[in-house]
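Q: Protein sequence lines, in the order shown, are assigned to chains L and X. Just so we're aligned: 215 in the numbering used here is position 215 of the first sequence, and the numbers increase by one with no gaps anywhere. Every number in the numbering used here is 271 more than the matching position in the second sequence, counting from 1.
It is worth saying that the hints were derived from the structure and are not from the lab. Just to be clear, a hint being listed does not mean it is correct.
Stated by the list, open to error - Not the full set, but computed from the structure, chain L residues with beta-carbon under 7 Å of chain X:
{"#": "1", "residue": "His60"}
{"#": "2", "residue": "Glu209"}
{"#": "3", "residue": "Ser224"}
{"#": "4", "residue": "Leu235"}
Unchecked claim - Far from chain L by the CB rule (all over 12 Å, computed), these chain X residues:
{"#": "5", "residue": "Glu327"}
{"#": "6", "residue": "Glu438"}
{"#": "7", "residue": "Leu458"}
{"#": "8", "residue": "Asp474"}
{"#": "9", "residue": "Phe475"}
What the hints assert, rightly or not - Just so you have them, the derived chain L footprint on chain X, three or more residues with Cβ under 8 Å:
{"#": "10", "segment": "331-345"}
{"#": "11", "segment": "352-362"}
{"#": "12", "segment": "370-384"}
We put the CB at the ideal spot given by N, CA and C, even for glycine.
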Amino acid sequence: MTAASTGTLERIGAEVTEQDIRAALGAVLDPELDEPITDLGFVRSVSALTGPGGTHAIVHLRLPTSFCSPNFAYLMASDSKDVISALDGVARTVVELDDHHDSDLINAGLAADAGYRGTFRHEAEDSLEELRWTFRRKAHTAAMERCLTELLRSDPELLETDMGSVRLRDLPKGRNKDALLRRRTALGLPEESDSIVLVNHEDHPYPAESVPMALRRARSTRISIDGNAHFCRGLLRTRYAGSGADQTARPEGAEATLNREALPLRVKENH
Amino acid sequence: MYSQDGENYFIVDAHIALWDARPENQRNIHGKQFIDCFYDYHRNLSPESEQWSYEEFLYQGGKRLMKDVFDEGHVDHAIFQPAYLGEFYKRGFGQVEEAYSLAAANPDKLTYNHCFDPRQGEAGLDRLRADHEKMKFTGVKLYTAEWQGQSRGYKLSDAWTYRYFEECRKLGIKNIHVHKGPTIRPLDRDAFDVADVDHAASDFTDLNFIVEHVGLPRLEDFCWIATQEPNVHGGLAVAMPFIHTRPRYFAQIIGELIYWIGEDRIQFSSDYAIWTPRWLIERFVDFQIPEDMTEYAPLTTAQKKKILGLNAAKMYNIPVPAELQLPNAGETATGPRQPERADLAGVR
């Protein structure tokens, strides 16, 4: 877009830059996949134009399919509008979701600041807060399992039944532990180093006999989130040529075959 | 029948479709969006050699289906699971009449399952009775994210759905295939939630509930409810092709399913025409759990035989040569197998 075509708007000299807007969008998570939309490649374009009163921000979002769940689509789009509007120097924010079955509905709702209920009317009951909490809990469950499975694999002497008494200080430092600490903070769980790792979302640990089952359930949650995260990334790349360049690699659940590399897959043998 | 390394596999493809998504049948933009979404699934998860052109993908017809599924596909018997999608397609997406006629002409190869929408109320019940009188199906496919007027989805636990299940009981429709999709009212909650299957399965213990694509993207919720409800089964539609692009993820899906629900309640399906069965069957027979996944036991040949056909054959009384049959496994460590023990796992 040029100054000529936008009347008083002009890109050059905008107080808030496109980089600032992208950085702000980094705080918007796909609630289901537990990752920033900027890492997933969901931000299609960002424009920062100078207009009356400050920067006019225009953001287009895209999703892996037309039929991605509309509640998640709405959350990401409305959160995007919120974080950009909160930037100092932004006078006007337009966020549009492209190519979704509910694009018209969601974009009209965002433009009018109609909120969740105003946007979805009879299909909305109260709010999307409980939905957010459901997936914050799942994100914590998955992060917890990654840490404990990492610990189990690091020491063949350890048993699943030992995992119920592992404390934060027992976990090896690194990406998995950092991620767990962030998820614990999101749920309001204690950060002290003697805190028990394997707990439910209300910080209740499990009795010894329930520990293996709790860990197995957590594992199925982790597998599910990792699987969905990679499938959604792949579908986005298939749907929008070149979108892979906007994605950040996700090590959790990554596979050699994604890059079509001929790494040998060592398999079990039946005896 | 598929044979490999001296083993014979009786193959039942438990979820196939005969659809028409050509532009002249699309009612609106959503018809295009829907088939484009399927085509992206197809392109994203198929090996390059198995990819179709967009035109091929829009419509196959009966002759092509018979070739892909039976002549080249190793399949002994396949089951139609139509999704109607009347809001997206003028004559519907799944071609009900065409599929029924094809099954009627090839009864040893094809089983026709029907579909209904409980939001059609009494008139829909009359229609179900009339359709059943004519077509004599024993199973139905329900797509809970089907749009209808102002509504963009329903639950299995809705009062009207229960009325239809009661009618299914009377008519002898035993097998309820459930395809969970997004957009269920209210949008406040997770639209992929499978909790309604749990309710329905508890209240209709004499019906089988086969959750297609094993609950993906909510594998964990599916496994948990299936553990508690012995009449809940998992269909591998959409999960199968991960065997190519994401073999470790596929191994985890299968490993989790066998751990939670056991080898007797998992059904192979290609989800034709999103994918073709031949390569999926060949790769599954050759498949094994990666060595470093110490949490799962290796897959046995007997487990593969059950998943590839024997489980669905048992549910649908499809004749299987005596020498290919296998006994049921014992209960899983996680849950009950007998109806009277349903839900015990949940209250422990």
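Q: Which hints from the list above does the structure break, by number from lowest to highest?
A: Hints 1, 2, 7, 10, 11, 12 are the ones this structure does not satisfy, whereas the remaining hints hold.
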